[in-house]
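Q: Residue-level listing of the chains:
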Amino acid sequence: AQTVTQSQPEMSVQEAETVTLSCTYDTSENNYYLFWYKQPPSRQMILVIRQEAYKQQNATENRFSVNFQKAAKSFSLKISDSQLGDTAMYFCAFTWGNQFYFGTGTSLTVIP
Amino acid sequence: DGGITQSPKYLFRKEGQNVTLSCEQNLNHDAMYWYRQDPGQGLRLIYYSQIVNDFQKGDIAEGYSVSREKKESFPLTVTSAQKNPTAFYLCASSMSDRTNYGYTFGSGTRLTVV
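Chains as they are written, first to last, in this note's numbering: chain A, 1 to 112; chain B, 1 to 114.
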């Protein structure tokens, strides 16, 4: 069975600082994809970043980057220069086949 | 613009009533999904459909029903058999063979039992 674990239910960061959200997953598969989704107070789920498991290079999207450690099954999200608009729930997700598996989320608050 | 539309945004249900949540997409996606979101539990899969006139139960299908008569539409009915229906419901879609590009989500429906 595939599982995704986010061990930090809540986090906070000062504006303009850097924060890292943790995610681990468990799978016996080799070719899969990993995602981070953001859910702001509006509740709209927004794709933040995507990583292909067969690529060793870590994905980057502007201020968002990941640290993908395939052997350790770890997929953390780093947010640089945090902004007030980054305040949201963040979900780590894993897909293999036609199914998605989501973590329980990390609530991030950016403090002015 | 293409996207997924969920309606209504807020829905109130009396005890013993069935209610239907609407989900429509114009992305030409084959696959559609319904998730339930509760605080601290992330997203849990209720039902999904890979093709018209076919759907599969997810992890928490009891007390829910769906239909997929059109590619664009995947309504979810919350029946009176669902003992704790108060939650936030999200609809999503994807190309059936391209979930590796991620889901597109609707904006959700908040259901409250009164």
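Any given hint could turn out to be false.
If we take Cβ atoms under 8 Å as the criterion, some of the chain A residues that face chain B in the derived model are [what the hints assert, rightly or not]:
1. 7
2. 11
3. 13
4. 33
5. 35
6. 43
7. 54
8. 55
9. 68
10. 72
11. 91
12. 95
13. 103
14. 104
These are computed hints drawn from the structure, not numbers from a lab.
The beta carbon of each residue, even a glycine, is placed where N, CA and C say it ideally should be.
Q: For every hint, state whether the structure bears it out.
A: Going through the hints against the structure:
no. : hint : result
1   : 7    : 13 Å, violated
2   : 11   : 15 Å, violated
3   : 13   : 21 Å, violated
4   : 33   : 4 Å, holds
5   : 35   : 6 Å, holds
6   : 43   : 5 Å, holds
7   : 54   : 11 Å, violated
8   : 55   : 12 Å, violated
9   : 68   : 15 Å, violated
10  : 72   : 21 Å, violated
11  : 91   : 7 Å, holds
12  : 95   : 5 Å, holds
13  : 103  : 6 Å, holds
14  : 104  : 4 Å, holds
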